[in-house]
Amino acid sequence: MNSVLAFTIIMLVWTVSDYISKKTKSLLSTLLIASLIFLIGFKTNLFPEDLLPSSSLLALGTTVVGFILVHLGTTISLKEFKQQWRTFLIGVAATLGIVAALLLVGPLFESQSYAIAAIGAISGGTISIIMVQDAAIAAGLLSVAVLPVLISAFQGLIGFPLTSLILRKEANRLHQEYQANPDAFANTDKIEEKEEKKTRLPELFHTTAGTLFVVGVTVLLATFVNNLTNGMINTFILCLLFGIALRELNLFKPNILNGIDAYGLMMLAILIIIFGPLATISIHDLIELILPLTLSFLVGVTGNVIFAAIAGKFLGYSLSMSIAIGLTSLYGFPGTMILSQEAAKSVNGTPEEIALIEGQILPKMVIAGFSTVTITSVFITGILVNLIG
24 MNSVLAFTII
34 MLVWTVSDYI
44 SKKTKSLLST
54 LLIASLIFLI
64 GFKTNLFPED
74 LLPSSSLLAL
84 GTTVVGFILV
94 HLGTTISLKE
104 FKQQWRTFLI
114 GVAATLGIVA
124 ALLLVGPLFE
134 SQSYAIAAIG
144 AISGGTISII
154 MVQDAAIAAG
164 LLSVAVLPVL
174 ISAFQGLIGF
184 PLTSLILRKE
194 ANRLHQEYQA
204 NPDAFANTDK
214 IEEKEEKKTR
224 LPELFHTTAG
234 TLFVVGVTVL
244 LATFVNNLTN
254 GMINTFILCL
264 LFGIALRELN
274 LFKPNILNGI
284 DAYGLMMLAI
294 LIIIFGPLAT
304 ISIHDLIELI
314 LPLTLSFLVG
324 VTGNVIFAAI
334 AGKFLGYSLS
344 MSIAIGLTSL
354 YGFPGTMILS
364 QEAAKSVNGT
374 PEEIALIEGQ
384 ILPKMVIAGF
394 STVTITSVFI
404 TGILVNLIG
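Sequential numbering from 24 applies to the sequence shown in this note's numbering.
It is possible that part of the hints are untrue.
Distance ranges between label pairs, derived from CB positions [unchecked claim]:
no.	residue 1	residue 2	range
1	R223	Y42	39 to 47 Å
2	F247	I306	40 to 48 Å
3	M255	N204	51 to 59 Å
4	T38	L112	38 to 46 Å
Simulated crosslink set (BS3-like; lysine-lysine; CA at most 27 Å straight-line) [said to hold, decoys possible]:
no.	residue 1	residue 2
5	K276	K102
6	K45	K368
7	K105	K336
8	K336	K102
9	K66	K192
10	K46	K368
11	K192	K45
12	K368	K192
13	K276	K105
14	K46	K192
Just so you know, these hints were derived from the structure itself, not from any lab. C-beta: ideal position from N, C-alpha, C; glycine also.
Using the sequences and the hints, build the whole thing.
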């Protein structure tokens with residue numbers, strides 16, 4: 024297929040998907056709409072099987088996965104994690120709950136590989152899905168590679184309304200607490216101000232090309248360490264750790280790729296990767312995935328909620344706040360911010376009360392999203408994918 028035509032069609036699919044997502048206030052996620060369009064297009068032969076590779080986006084996405092992980096590392100502030108250490112631990116516990124629950128019922132799936140694929144998808148985002156897909160495709164398990172795509176497509180439909188209800192309950196609880204004791208929020212948490220710090224890197228590397236060069240060197244270093252340890256330490260995990268460390272050392276600025284000309288295209292290229300298996304999977308295989316898909320959500324979310332609730336009980340958080348923290352694994356940022364703001368505004372209170380309630384919920388939800396989707400899931404998935412096959 025003509026590469027320009029393929030690229031243009033994909034841009035149209037993503038434009039339509041993003042538009043519908045915005046119109047439904049993210050209830051129907053961009054990923055869900057795009058997955059349905061690609062699936063229908065491939066199965067009706069409206070789209071040729073070589074649509075995605077012909078666009079060159081697959082090759083670009085595979086190349087820049089490490090770049091995005093280094094970037095994610097630079098979005099993480101250790102200072103914020105120290106302030107919200109209890110939130111972080113609840114997020115970790117929730118992710119471990121997903122792992123424990125799905126591995127426990129692994130025999131109900133056709134194979135353990137399905138359970139691992141479900142863990143990567145429910146507990147994390149695009150990066151975890153790509154890690155699962157790489158291992159599944161290498162093992163010749165196409166249906167295992169497709170399962171996390173389907174899970175990810177439907178996560179928002181489950182996570183957003185469920186978290187919204189729970190956070191509104193938490194907001195009402197906080198409002199009643201404030202009215203009973205106005206001094207209760209005297210020590211309201213604050214999200215660290217994102218001040219622009221000058222990095223130690225020479226000005227030469229502050230351009231788009233210079234930024235991509237230093238991030239590329241970091242990815243190469245992560246790859247070298249991965250090879251040095253014979254793959255025991257996953258390249259993706261190392262990219263994330265290097266990003267965190269280089270931000271703390273003030274060598275990389277926070278959100279290092281934000282603002283450079285290539286960032287948006289790089290993110291889109293990575294998202295396109297996960298649609299690849301949809302082109303070749305059969306309708307029969309898709310039907311057989313209905314049971315694993317249903318089990319993944321029922322069991323995974325149950326484990327998530329139970330472990331989050333138990334951890335929150337020990338750490339002094341309310342039941343509703345603990346569960347909301349755990350459920351961030353289903354969507355991450357910016358959903359964590361949007362749902363927190365909507366919950367605070369749902370309270371029938373003064374602007375000051377709404378601001379105070381948001382100040383209680385928002386920092387916890389933002390850190391929770393990093394804890395579940397960005398950190399814990401990548402680490403756990405990086406370990407478990409070695410068992411696929």
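Evaluated hints:
no.	hint	result
1	R223 / Y42: 39 to 47 Å	holds (42 Å)
2	F247 / I306: 40 to 48 Å	holds (43 Å)
3	M255 / N204: 51 to 59 Å	holds (52 Å)
4	T38 / L112: 38 to 46 Å	holds (40 Å)
5	K276 / K102	holds (15 Å)
6	K45 / K368	holds (20 Å)
7	K105 / K336	holds (20 Å)
8	K336 / K102	holds (24 Å)
9	K66 / K192	violated (43 Å)
10	K46 / K368	holds (20 Å)
11	K192 / K45	holds (25 Å)
12	K368 / K192	holds (12 Å)
13	K276 / K105	holds (19 Å)
14	K46 / K192	holds (25 Å)
When held up to the earlier numbered hints, the structure conflicts with hint 9 and nothing else.
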